[in-house]
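Peer 1: Below, each chain spelled out in residue letters.
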Amino acid sequence: GAGVSQSPRYKVAKRGQDVALRCDPISGHVSLFWYQQALGQGPEFLTYFQNEAQLDKSGLPSDRFFAERPEGSVSTLKIQRTQQEDSAVYLCASSLAHPLAILGNEQFFGPGTRLTVL
Amino acid sequence: KNEVEQSPQNLTAQEGEFITINCSYSVGISALHWLQQHPGGGIVSLFMLSSGKKKHGRLIATINIQEKHSSLHITASHPRDSAVYICAVGEGGSQGNLIFGKGTKLSVKP
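Chains as they are written, first to last, in this note's numbering: chain A, 1 to 118; chain B, 1 to 110.
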């Protein structure tokens with residue numbers, strides 16, 4: 001079956017350009033997460049959606065970052081006026097069950113979008 | 001101090017060797033995840049566990065909740081096991097987002 005997909009897989013942007021990164025989660029998955037992974041580091045949390053509601057955006061590094069999931073399925077992460085420090089792999093993950101499930105939930109990751117800002 | 005610490009950072013092994021990667025964490029957790037990341041970025045979930053031990057093929061994951069420590073073992077390692085292995089924890093009571101370690105880069109030589 002289809003897993004989590006992300007597009008584009010690679011994006012090169014000039015400094016100051018706006019970019020939009022797309023995530024298609026597994027159908028029916030309630031929770032959707034965006035993570036940022038700098039080179040040589042582990043991923044770091046950016047934001048979380050439960051269906052269409054953005055319940056936590058505490059990890060977004062600046063107000064240039066904006067995420068939405070208007071119909072509770074596809075999500076878009078937008079970065080305005082990109083800077084070189086935004087260069088990273090942006091990972092999307094989705095999970096099926098309610099996030100208050102006792103043991104937590106397995107997250108299914110997309111392949112990531114590698115953003116390079118020149 | 002990082003909330004999730006992994007060791008070693010880099011590991012080179014010969015094919016067939018038994019491999020152990022360690023993970024320590026400092027927060028209360030709902031579950032601990034072991035993930036595998038290949039070059040190109042894709043992440044695959046290997047295990048999610050909250051107690052005891054799980055086994056899948058040549059992979060074994062253990063967790064000691066009292067000591068806040070987990071290990072990932074690979075038996076009879078193979079060059080195709082070469083990847084970055086990442087430990088991540090879901091904080092107890094949180095919405096489910098993960099806190100990741102920096103990863104262990106494993107290279108298995110033939």
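The reader is advised that the hints may include incorrect statements.
Here are the simulated EDC-like pairs of lysine to aspartate or glutamate, each with C-alpha atoms no more than 16 Å apart in a straight line [what the hints assert, rightly or not]:
(1) Lys102/B <-> Glu106/A
(2) Lys68/B <-> Glu15/B
(3) Lys68/B <-> Glu3/B
(4) Lys14/A <-> Glu85/A
(5) Lys109/B <-> Glu91/B
(6) Lys54/B <-> Glu106/A
Not everything, but these chain A residues come out facing chain B in the computed CB check (under 10 Å) [claimed, not checked]:
(7) Arg15
(8) Asp18
(9) Gly42
(10) Glu44
(11) Tyr48
(12) Glu52
(13) Leu60
(14) Ser62
(15) Phe66
(16) Arg81
(17) Gln83
(18) Leu91
(19) Ser95
(20) Gly110
(21) Thr116
In silico negatives: residues of chain A with every beta carbon more than 12 Å from chain B [unchecked claim]:
(22) Val12
(23) Ala13
(24) Gly16
(25) Gln17
(26) Val19
(27) Arg22
(28) Gly28
(29) Gln37
(30) Glu71
(31) Gly72
(32) Gln80
(33) Gln84
(34) Ala93
(35) Val117
It should be emphasised that the hints constitute simulated quantities derived from the structure, not laboratory data.
We put the beta carbon where it would ideally sit given N, CA and C, even for glycine.
Peer 1: All hints are to be evaluated individually against the structure, with a verdict given for each.
Peer 2: The hints, checked one at a time:
Among the hinted pairs, Lys102/B with Glu106/A is inconsistent with the structure: their alpha-carbon atoms are about 19 Å apart, more than 16 Å. Using a Cα cut-off of 16 Å, the hinted pair Lys68/B and Glu15/B is violated, with the two alpha carbons roughly 30 Å apart. Taking the CA atoms of Lys68/B and Glu3/B, the gap is about 11 Å. The hint holds against a cut of 16 Å. For a cut-off of 16 Å, the pair hint linking Lys14/A to Glu85/A stands: about 12 Å separates their Cα positions.
Distance hint between Lys109/B and Glu91/B is unfulfilled; the C-alpha atoms sit about 36 Å from each other, more than 16 Å. The suggested pairing of Lys54/B with Glu106/A holds, with an alpha-carbon distance near 15 Å, which does not exceed 16 Å. Against a cut-off of 10 Å between C-beta atoms, the interface hint on Arg15/A is violated, since the closest Cβ of chain B lies about 23 Å away. Annotation: interface hint on Asp18/A violated; nearest CB of chain B at approximately 22 Å, more than 10 Å.
Given hint, Gly42/A at the interface with chain B, holds; its Cβ is 3 Å from that chain's nearest Cβ, closer than 10 Å. Taking 10 Å as the C-beta contact cut-off toward chain B, the hint placing Glu44/A at the interface holds, the least distance being around 7 Å. Hint status for Tyr48/A: holds, given a least beta-carbon distance of 5 Å to chain B, under 10 Å. The interface hint given for Glu52/A is broken, as the beta carbon of that residue sits about 15 Å from the closest beta carbon of chain B, more than 10 Å.
Contact between Leu60/A and chain B, as hinted, is not supported at the beta carbon level, the nearest pair being about 12 Å apart and thus beyond 10 Å. Proximity of Ser62/A to chain B is violated relative to the hint, the smallest CB-CB distance being about 19 Å (cut-off 10 Å). Given the 10 Å rule on beta carbons, the hint for Phe66/A is violated: about 18 Å separates it from the nearest Cβ of chain B. The criterion of a C-beta within 10 Å of any C-beta in chain B is not met by Arg81/A, whose closest approach is roughly 24 Å, and the hint is violated.
Annotation: Gln83/A was flagged as interfacial toward chain B, and the flag is violated, the nearest CB pair being 21 Å apart, outside 10 Å. With 10 Å as the threshold, the beta carbon of Leu91/A comes within range of chain B, its nearest partner Cβ sitting at about 7 Å, so the hint holds. A least Cβ separation of about 7 Å between Ser95/A and chain B falls short of the 10 Å threshold, and the interface hint therefore holds. Contact between Gly110/A and chain B, as hinted, is supported at the beta carbon level, the nearest pair being about 8 Å apart and thus within 10 Å.
A distance limit of 10 Å between C-beta atoms decides the matter here; for Thr116/A the minimum to chain B is near 13 Å, and the interface restraint is violated. In this structure Val12/A is separated from chain B by more than 12 Å, as the shortest Cβ-Cβ distance comes to about 16 Å. No beta-carbon of chain B comes within 12 Å of the beta-carbon of Ala13/A; the shortest separation is about 17 Å. At roughly 25 Å from the closest C-beta of chain B, the C-beta of Gly16/A stays outside 12 Å, upholding its exclusion from the interface.
Listed as outside the interface, Gln17/A is consistent with that label: its C-beta sits roughly 21 Å from the nearest C-beta of chain B, beyond the 12 Å cut-off. Distance check on Val19/A: its Cβ is at least 17 Å (rounded) from any Cβ of chain B, clearing the 12 Å threshold; non-interface status holds. At roughly 15 Å from the closest C-beta of chain B, the C-beta of Arg22/A stays outside 12 Å, upholding its exclusion from the interface. Here Gly28/A stays apart from chain B, with its beta-carbon at least about 16 Å from theirs, past the 12 Å limit.
Listed as a non-interface residue, Gln37/A fails to keep its Cβ farther than 12 Å from every Cβ of chain B; the least gap is roughly 8 Å. No beta-carbon of chain B is positioned within 12 Å of the beta-carbon of Glu71/A; the least distance is around 20 Å. Residue-level check passed: Gly72/A sits 16 Å from the nearest beta carbon of chain B, beyond 12 Å. With a minimum CB-CB distance of about 23 Å to chain B, Gln80/A clears the 12 Å threshold, and the non-interface call stands.
A cut-off of 12 Å between C-beta atoms confirms that Gln84/A is not in contact with chain B; the least separation is 19 Å. A beta-carbon of chain B comes within 12 Å of the beta-carbon of Ala93/A; the shortest separation is about 8 Å. Distance check for Val117/A against chain B: the nearest CB is about 17 Å away, which clears 12 Å, and the non-interface claim stands.
When each numbered hint is compared with the structure, violations occur for hints 1, 2, 5, 7, 8, 12, 13, 14, 15, 16, 17, 21, 29 and 34.
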